[in-house]
Amino acid sequence: MFNEMSVDDQIREPYRALVDWMEASGPEVLEQKRLEAETLFRKIGITFAVYGEGGDPERLIPFDLIPRIFTSQEWRKLDRGVKQRARALNAFLYDVYHNAEIIKAGIVPADLVFRNDAFEPAVIGIDPPRNVYSHIVGVDIVRTGPDDFYVLEDNCRTPSGVSYMLENREIMMRMFPDLFKSLRIEPVESYPDMLLKTLKSIAPRKCDRDPNIVVLTPGAMNSAYYEHSFLADQMGVELVEGQDLFVHEDRVFMRTTRGPAQVDVIYRRIDDAYIDPLCFRSDSVLGIPGLMNVYRSGGVAICSAPGAGVADDKAVYTYVPDMIRFYLGQEPILNNVPTWKCGKPNDLKYVLEHLGELVVKEVHGSGGYGMLVGPASTKEEQAAYAKRIEADPGDFIAQPTLSLSACPTFVESGVAPRHVDFRPFCLVGDDVRLTPGGLTRVAMREGSLVVNSSQGGGVKDTWIMSD
Amino acid sequence: MLSRTAENLFWLSRYVERAENMARLMEMGYRMALMPAVVDGNRSEWESVLSASGCAAGYDPDAPLRQEEVANFLIFNRDNHSSIINCFEYARANARAMRTAITAEMWEALNNALMELRRPSMHNLAKNELPEFIDWVKKQGALFRGATDSTILRNDGYDFIRLGTFIERADNTARLLDVKYYVLLPETSMVGDGVDNYQWTTVLRAASSLRAFHWVYRDDYSPHRIAHFLILNPFSPRSLAHCSEQITQHLERLARHYGQRHSVHRQAVEMYSLLTQSDMDEIFSGGLHEFLTDFQGRNRILSLAIADAYHFGGQ
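Just so you know, the sequences run in chain order C and B. Counting from 1, position 147 in the first sequence corresponds to residue 342 in the working numbering; the numbering is continuous, with no gaps. Counting from 1, position 236 in the second sequence corresponds to residue 694 in the working numbering; the numbering is continuous, with no gaps.
The hints are simulated quantities; they were obtained by calculation from the structure and are not laboratory data. Each residue gets a CB set at the ideal place from its N, CA and C atoms; glycine is no exception. It cannot be assumed that every hint is accurate.
[As the list claims (entries may be wrong)] Under the rule of at most 30 Å between Cα atoms (straight-line distance), these lysine-lysine pairs were calculated in the DSS-like manner:
no. : chain 1 : residue 1 : chain 2 : residue 2
1   : C       : K392      : B       : K596
2   : B       : K585      : B       : K596
3   : B       : K585      : B       : K597
4   : C       : K574      : C       : K539
5   : C       : K376      : C       : K401
6   : C       : K401      : B       : K597
7   : C       : K272      : C       : K574
8   : C       : K228      : C       : K392
9   : C       : K238      : B       : K585
[Said to hold, decoys possible] Some residues of chain C that are not near chain B, with every Cβ distance over 10 Å (derived):
no. : residue
10  : K238
11  : S424
12  : V435
13  : E436
14  : D439
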């Protein structure tokens with residue numbers, strides 16, 4: 196297991212100053228800082244709602260004081276790699292809703308795209324402004340060694356967590372002013388400004404003025420509501436709910452105290468299925484009836500575009516390196532986790548011979564259902580699973596079990612290594628923008644690889660050291 | 459501004475004001491109950507507090523009308539729409555629905571108040587040390603208004619907040635005065651005697667107006683003067699006249715800001731002139747209780763008219 200802070204008891208270079216500071220401060224000061232941070236989070240009300248679990252409906256995400264640090268060199272690679280992926284994914288999205296060249300070229304199987312639940316026939320042929328479908332791409336990255344980064348998945352719909360990136364930094368700067376003074380850490384505060392620029396740059400065809408932008412939220416009960424309001428606030432735009440918007444003669448309006456006001460760009464944080472009851476789920480009360488008609492006619496821009504989810508499917512993911520080669524003519528800078536596609540005879544053979552070492556997943560499954568975790572399974576389970584694979588090999592992929600890197604983290608027994616992953620947020624509009632930073636998620640339980648906030652995972656600030 | 463935001467701001471400030479008024483009503487009940495009984499076996503202070511609060515209908519008819527039960531109902535009962543804890547819950551829910559429209563200081567004032575109120579230790583405070591609890595609630599109101607006053611932009615949002623405050627406060631002052639009506643005075647000879655005067659000064663105390671009153675009228679604590687101070691005196695910050703003046707001013711600001719007038723503007727001016735042109739003799743001869751009931755009705759209509767003019771729900 197790769198430890199981000201130290202290798203063979205040698206402190207890694209980017210962590211040197213932090214470790215010196217921690218040793219000089221002593222455990223009591225650190226414990227006091229930890230309590231202070233928790234009070235701050237509670238006071239500001241940064242919470243994360245988890246449905247149907249009882250308990251506190253506005254619970255705090257565990258925040259860990261020890262930052263995760265990247266050198267500028269490491270960051271440059273991540274920065275280039277993430278931007279490259281975001282470009283390729285958008286080229287792919289445009290392609291599958293137009294001529295489907297990549298399918299005709301025999302690179303991506305047609306079934307994967309057209310039979311995908313997230314494929315949205317309603318947007319076929321639509322040219323969104325600047326041909327961008329996914330404006331905010333959250334790329335989940337894990338690390339297994341000093342130079343080994345792997346992309347775990349791409350989130351092309353509405354990735355969340357960016358408010359934690361910003362608030363974590365805010366709190367760290369309040370807690371550790373000395374460290375920030377002495378170290379050169381890249382600032383992340385420019386994110387809302389970059390987001391606003393991106394949203395402005397995708398104003399719809401019919402918009403002939405400074406676009407009126409809104410953030411569309413399902414409401415205060417949504418788990419990411421804090422983030423929705425935070426971003427609207429930081430950008431200085433209205434935070435609206437479906438009931439605040441309506442369609443009239445090919446344009447979208449919001450209800451204001453002065454009467455209706457036209458809306459040009461909607462940064463929606465509502466799933467595709469709910470945004471327009473006339474087009475998608477008719478029982479949705481969250482959306483705006485008629486929105487899709489206006490979208491199709493170029494009267495409003497929707498960020499992210501409906502149908503963008505087809506690019507972040509588990510099976511489509513395996514083709515992202517091919518997309519990069521096909522659309523950009525480049526070699527991928529960031530690797531995928533090596534993946535065997537059981538539909539290919541050679542891969543199938545390998546997978547069946549190595550079931551005990553691999554993680555096998557159903558292509559269309561989600562949330563860890565229908566998975567075989569090789570090292571944790573019995574011979575009987577493996578045999579039963581092999582039968583399923585053989586019955587329909589095309590439905591399965593397999594990956595090695597990765598040894599995720601770990602970062603020192605405060606836990607009940609003191610400071611101990613815990614597994615982490617990393618999600619930077621890439622913005623795509625007139626330009627491709629990436630804030631130097633992102634969200635580091637940490638599994639709080641020993642040995643656990645689960646970093647999801649809905650399952651007790653915590654967050655850390657991420658420091659990119661500048662040159 | 460989004461209509462929903464205006465609605466949330468309006469109701470947010472109404473609920474904070476209402477929570478404070480519930481505390482003030484209890485303060486009156488508590489002080490009046492400290493006096494010797496007017497008539498043996500007929501202690502009606504807590505019943506009158508309930509009636510004036512407007513929540514009497516929800517009170518368990520079999521429950522005793524003692525301080526502990528009534529206070530518990532007015533502070534912690536979740537089924538009582540206007541209980542103090544509900545007022546803070548609704549105010550915070552309104553604030554949460556539009557975090558972007560209020561300042562961090564306002565949010566913190568509300569959030570802290572509710573977090574404290576949800577603590578079990580608060581329950582003990584309310585039970586054993588009602589005056590301390592009442593002071594705490596009043597302090598939360600002051601904190602919220604102070605945070606608002608010193609941090610929020612003076613744009614239309616500010617006007618909606620203030621409209622909510624003064625609509626609610628006008629209603630509340632009318633209710634405070636009405637407690638006096640509900641406290642039964644069985645003999646006409648009792649009117650104007652020591653107990654009666656004590657009860658009237660209690661109204662002043664609950665309105666935090668004892669010293670202010672003294673500055674204006676010196677030591678003439680007659681019912682006539684006290685009612686005048688809380689109804690017609692525009693310098694008294696909780697008087698109907700002052701609230702009404704503030705309401706017209708904020709509606710005027712909105713009209714200027716938006717370049718649009720509505721029927722609510724006329725209605726507000728009518729209410730204000732009713733208060734500037736009345737005199738206390740007239741009000742007393744027509745019946746104070748009747749005057750206050752009529753005023754509350756007008757005030758409610760005005761609230762609906764504001765909502766109507768700015769496209770949001772009023773009730």
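Here is what the structure says about each hint:
1. C:K392 / B:K596: With Cα atoms ~45 Å apart, K392 of chain C and K596 of chain B exceed 30 Å; violated.
2. B:K585 / B:K596: Holds: K585 of chain B and K596 of chain B sit about 17 Å apart, inside 30 Å.
3. B:K585 / B:K597: Distance ~18 Å between K585 of chain B and K597 of chain B Cα, so the pair holds.
4. C:K574 / C:K539: It holds: about 24 Å lies between the C-alpha atoms, which stays within 30 Å.
5. C:K376 / C:K401: Cα-Cα ~48 Å, so violated.
6. C:K401 / B:K597: Roughly 53 Å separates the two Cα atoms, so the pair is violated.
7. C:K272 / C:K574: violated (41 Å)
8. C:K228 / C:K392: violated (36 Å)
9. C:K238 / B:K585: holds (27 Å)
10. K238: violated (6 Å)
11. S424: Violated, because the least Cβ-Cβ distance between S424 of chain C and chain B comes to about 4 Å, which does not exceed 10 Å.
12. V435: Answer for V435 of chain C: violated, closest chain B Cβ roughly 6 Å.
13. E436: violated (7 Å)
14. D439: violated (5 Å)
Against the hints set out earlier in the document, violations occur for numbers 1, 5, 6, 7, 8, 10, 11, 12, 13, 14.
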